[in-house]
Amino acid sequence: GQQLNQSPQSMFIQEGEDVSMNCTSSSIFNTWLWYKQDPGEGPVLLIALYKAGELTSNGRLTAQFGITRKDSFLNISASIPSDVGIYFCAGQLHSGGSNYKLTFGKGTLLTVNP
Amino acid sequence: DGGITQSPKYLFRKEGQNVTLSCEQNLNHDAMYWYRQDPGQGLRLIYYSQIVNDFQKGDIAEGYSVSREKKESFPLTVTSAQKNPTAFYLCASSMVYNLGAEAFFGQGTRLTVV
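So the sequence lines, in the order shown, correspond to chains A and B.
My numbering numbers the first residue of the first sequence as 1 and each following residue consecutively.
My numbering numbers the first residue of the second sequence as 1 and each following residue consecutively.
Worth flagging that the hints you see were computed from the coordinates, not collected in a lab.
Only a predicted model underlies this, so the values are computations on that prediction, with no experimental measurement involved.
One or more hints might be untrue.
Stated by the list, open to error - Capping the alpha-carbon separation at 27 Å, the derived lysine-lysine pairs in DSS-like fashion look like this:
{"no.": "1", "chain 1": "B", "residue 1": "Lys-9", "chain 2": "B", "residue 2": "Lys-70"}
{"no.": "2", "chain 1": "B", "residue 1": "Lys-57", "chain 2": "B", "residue 2": "Lys-14"}
{"no.": "3", "chain 1": "B", "residue 1": "Lys-83", "chain 2": "A", "residue 2": "Lys-106"}
{"no.": "4", "chain 1": "A", "residue 1": "Lys-70", "chain 2": "A", "residue 2": "Lys-106"}
{"no.": "5", "chain 1": "B", "residue 1": "Lys-57", "chain 2": "B", "residue 2": "Lys-9"}
{"no.": "6", "chain 1": "B", "residue 1": "Lys-71", "chain 2": "B", "residue 2": "Lys-9"}
{"no.": "7", "chain 1": "A", "residue 1": "Lys-51", "chain 2": "A", "residue 2": "Lys-70"}
{"no.": "8", "chain 1": "B", "residue 1": "Lys-83", "chain 2": "B", "residue 2": "Lys-14"}
{"no.": "9", "chain 1": "A", "residue 1": "Lys-106", "chain 2": "B", "residue 2": "Lys-70"}
{"no.": "10", "chain 1": "B", "residue 1": "Lys-57", "chain 2": "B", "residue 2": "Lys-71"}
{"no.": "11", "chain 1": "B", "residue 1": "Lys-57", "chain 2": "A", "residue 2": "Lys-106"}
{"no.": "12", "chain 1": "B", "residue 1": "Lys-57", "chain 2": "A", "residue 2": "Lys-70"}
To be verified - Residues of chain B clear of chain A, computed beta-carbon distances all greater than 10 Å:
{"no.": "13", "residue": "Glu-15"}
{"no.": "14", "residue": "Gln-17"}
{"no.": "15", "residue": "Asn-26"}
{"no.": "16", "residue": "Gln-41"}
{"no.": "17", "residue": "Gly-63"}
{"no.": "18", "residue": "Ser-67"}
{"no.": "19", "residue": "Arg-68"}
{"no.": "20", "residue": "Glu-72"}
{"no.": "21", "residue": "Pro-75"}
{"no.": "22", "residue": "Thr-77"}
{"no.": "23", "residue": "Thr-79"}
{"no.": "24", "residue": "Ser-80"}
{"no.": "25", "residue": "Gln-107"}
{"no.": "26", "residue": "Arg-110"}
{"no.": "27", "residue": "Thr-112"}
As the list claims (entries may be wrong) - Stretches of chain A that chain B covers, calculated by requiring three or more beta carbons in the stretch to come under 8 Å of a beta carbon on chain B:
{"no.": "28", "stretch": "44-55"}
{"no.": "29", "stretch": "68-81"}
From the three backbone atoms N, C-alpha and C, an ideal C-beta is built for every residue, glycine too.
Chain A on its own, in the form it takes in the complex:
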């Protein structure tokens, strides 16, 4: 099956620093999604990407859909303490009977020191 490699596994940064994380896949996707999960809660959708090469921003967050359709990155600028959490990438390939399955990366745990 499809696999997503998400890196880094964890990051420890100082407040105000920029953050970058990425996901790579062994196969192509048609959609990339980025989620944030707070402890004990469900993931919340941050950014959705639908076209290869697409660059989308949501406040201090910017994500890009790689031109090869096999990768995506998420950048967070000027980090703040509430950015702490686990960030997941997810890919979706619309094909056959599994149109709506999402494949998730294992997450990047972000810690921000005030």
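On the provided structure of chain A, position chain B as indicated by the hints.
Just chain B, lined up with the frame of chain A:
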């Protein structure tokens, strides 16, 4: 407010007992999903349903069962056949007509089997 509601948030059960986790959505979404999350792991798909009265096995369906009798509801039963049931369970839903379907998650149910 529209959203996905999972209940209960915490659940304790004795080994060998079946237990059912509730998931209800009022977003009028066609597709619903169950994921399992273990520490340090991504989200693994248990079952998904694209339409009422139909559902498909995900990547780790063994020891689980579901039903989809109503559009709004997609309960998950963790059976005694599931060898390691203690985990955080997440329910999600999405529209079907939008092939770039963005999945929205509930708050999760933490199941502990003792």
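Each hint tested on the structure:
Distance hint between B/Lys-9 and B/Lys-70 is fulfilled; the C-alpha atoms sit about 22 Å from each other, no more than 27 Å. This hinted pair checks out: B/Lys-57 and B/Lys-14 have alpha carbons roughly 26 Å apart, not beyond 27 Å. Between the alpha carbons of B/Lys-83 and A/Lys-106 the distance comes to roughly 22 Å, so the proposed pair stays at or under 27 Å and holds. Simply put, A/Lys-70 and A/Lys-106 have alpha-carbon atoms about 16 Å apart, close enough for the 27 Å limit, and the pair holds.
As the CA atoms of B/Lys-57 and B/Lys-9 are separated by approximately 24 Å, the hinted pair is consistent with the 27 Å bound. For a cut-off of 27 Å, the pair hint linking B/Lys-71 to B/Lys-9 stands: about 22 Å separates their Cα positions. Under the criterion of a C-alpha separation no larger than 27 Å, the hint pairing A/Lys-51 with A/Lys-70 is consistent with the structure, at around 12 Å. Annotation: proposed proximity of B/Lys-83 to B/Lys-14 holds, straight-line Cα distance about 13 Å (limit 27 Å).
At most 27 Å may separate the alpha-carbon atoms for a hinted pair to count; A/Lys-106 and B/Lys-70 exceed this at roughly 32 Å. Restraint check for B/Lys-57 and B/Lys-71: satisfied, since their Cα atoms lie roughly 18 Å apart, inside the 27 Å limit. For a cut-off of 27 Å, the pair hint linking B/Lys-57 to A/Lys-106 stands: about 21 Å separates their Cα positions. A C-alpha spacing of about 25 Å is found between B/Lys-57 and A/Lys-70, which places the hinted pair at or below 27 Å, so the restraint holds.
Residue-level check passed: B/Glu-15 sits 24 Å from the nearest beta carbon of chain A, beyond 10 Å. Against the 10 Å criterion, B/Gln-17 stays outside the reach of chain A, whose nearest CB is about 24 Å from its own CB. At roughly 16 Å, the least C-beta separation between B/Asn-26 and chain A is larger than 10 Å, which holds for a residue marked as non-interface. For B/Gln-41, the shortest C-beta to C-beta distance to chain A comes to about 6 Å, within the 10 Å cut-off, and the non-interface label is violated.
For B/Gly-63, the non-interface assignment is confirmed: its Cβ lies about 19 Å from the closest Cβ of chain A, beyond the 10 Å cut-off. Every C-beta of chain A lies more than 10 Å from that of B/Ser-67, the closest at about 18 Å, which supports listing it as non-interface. Every Cβ of chain A is farther than 10 Å from the Cβ of B/Arg-68; the closest lies at roughly 14 Å, confirming the non-interface assignment. Every CB of chain A lies more than 10 Å from the CB of B/Glu-72, the least distance being 17 Å, so the non-interface label holds.
The claim that B/Pro-75 lies off the interface holds: its Cβ sits roughly 17 Å from the closest Cβ of chain A, which is beyond the 10 Å cut-off. For B/Thr-77, the condition that its CB be more than 10 Å from all CB atoms of chain A holds, with the nearest at approximately 20 Å. Distance check on B/Thr-79: its Cβ is at least 23 Å (rounded) from any Cβ of chain A, clearing the 10 Å threshold; non-interface status holds. The beta carbon of B/Ser-80 sits about 26 Å from the closest Cβ of chain A, which is more than 10 Å, so the claim that it is off the interface holds.
Not every CB of chain A lies more than 10 Å from the CB of B/Gln-107, the least distance being 5 Å, so the non-interface label is violated. The Cβ of B/Arg-110 sits about 7 Å from the closest Cβ of chain A, inside the 10 Å cut-off, so the non-interface label is violated. Distance check for B/Thr-112 against chain A: the nearest CB is about 13 Å away, which clears 10 Å, and the non-interface claim stands. Coverage of the stretch 44-55 of chain A by chain B holds. Counting CB-CB distances below 8 Å, 4 residues qualify, and the rule asks for three or more.
Look at the stretch 68-81 of chain A against chain B: 0 of its residues bring a Cβ nearer than 8 Å to a Cβ of that chain, fewer than three, so the hint is violated.
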